[in-house]
Amino acid sequence: MSGNHGSGVAERVEHLIEALEKAGLLKGEEVERAADAFLANASPMNGARLVARAWKDPGFAARLFADASAVLTELGIDMSHWAKVQLRAVANTEDVHNVIVCTLCSCYPVGLLGPSPSWYKSEAYRARVVREPRAVLAEFGVSLPDHVRVRVWDSTAELRYIVVPARPSGTDGLSEEALAKLVTREGLIGTAVV
Amino acid sequence: MSFQVGDAVRTHVARATGHTRLPGYLAEKRGVVERVVGEFFLPDARAAGVMPAPKERVYTVVFDGTEVWGEEKPGALAVSADLFESYMEKVKP
Chain A
1 MSGNHGSGVA ERVEHLIEAL EKAGLLKGEE VERAADAFLA NASPMNGARL
51 VARAWKDPGF AARLFADASA VLTELGIDMS HWAKVQLRAV ANTEDVHNVI
101 VCTLCSCYPV GLLGPSPSWY KSEAYRARVV REPRAVLAEF GVSLPDHVRV
151 RVWDSTAELR YIVVPARPSG TDGLSEEALA KLVTREGLIG TAVV
Chain B
195 MSFQVGDAVR THVARATGHT RLPGYLAEKR GVVERVVGEF FLPDARAAGV
245 MPAPKERVYT VVFDGTEVWG EEKPGALAVS ADLFESYMEK VKP
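Residue numbers (our numbering), protein chains in the order written: chain A, 1 to 194; chain B, 195 to 287.
You may find that some hints are simply not true.
Below, simulated DSBU-like cross-link-like pairs (lysine-lysine); rule was C-alpha separation at most 30 Å, straight line [said to hold, decoys possible]:
#1 A:121 - B:286
#2 B:249 - B:286
#3 A:121 - B:249
#4 B:223 - B:286
#5 B:267 - B:223
#6 B:267 - A:121
#7 B:249 - B:223
#8 A:181 - A:22
Covered by chain B, per the in silico footprint, the following chain A stretches (three or more residues, Cβ under 8 Å) [what the hints assert, rightly or not]:
#9 67 to 78
#10 153 to 161
What the hints contain is simulated information worked out from the structure, not anything from laboratory work. Because the structure is a prediction, the values reported are computed rather than measured. Glycine included, every Cβ here is placed at the ideal spot set by N, Cα and C.
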């Protein structure tokens, strides 16, 4: 289990890369190229577009909730980095509020949400959100009515989660592009409402 | 033993040594299988250098906050995790 994502880890990674280069197993730019490829086009706008389409198109929403990995191509989102993981979209409703976490490390749908915020990787968030999610959400400025059940999704294996926030009222006339602009990264994690 | 959606399960004790993807707070807890996810390499074996690592079925298992933490109002909080088959056993609902 990885508890600490601080500088100690970065140092060890540097040493490891150095050793692999010395042994001729790795060439200078390979790691950087792989990291660039991994992060290319990784942005919360991908998640926002997914949500806006789901709000606008009930058929798409149904397919999204049935098999989120399969509908990414409909939006032209590159799935190549998702080869080993599955994506699951979960919907906020009047009765359920979803929030995602990785208590064991920092699993996160990078391709759809971009690099994760530092608080998502913090031990405080990871330990507390499964224990007292309402208190954590309140600190993010989200106060849920008593009747709303909180569902915490701990990404412990090869699944990544994305929250589909409830569509705000008064947005009936908006285009898909305008709707996507309303969706925030925190909304896609579940630590904000939209 | 493989499980079906709706099965009541109980997770095993947490490993004393080595790697696992069963979080400590969900060890020895009762939950319900909500979804069968698919088959994946068992991380516990991969971390131990077993080659090739065996594949196991993964399930999304949902736990009530009351079962996990004791003090929550039943139904107010649910926590789910994606757990490998060997992490748990079937129990009577």
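* Hints not upheld, ascending by number -> The structure conflicts with hints 1, 8 and 9, although it agrees with all the remaining ones.
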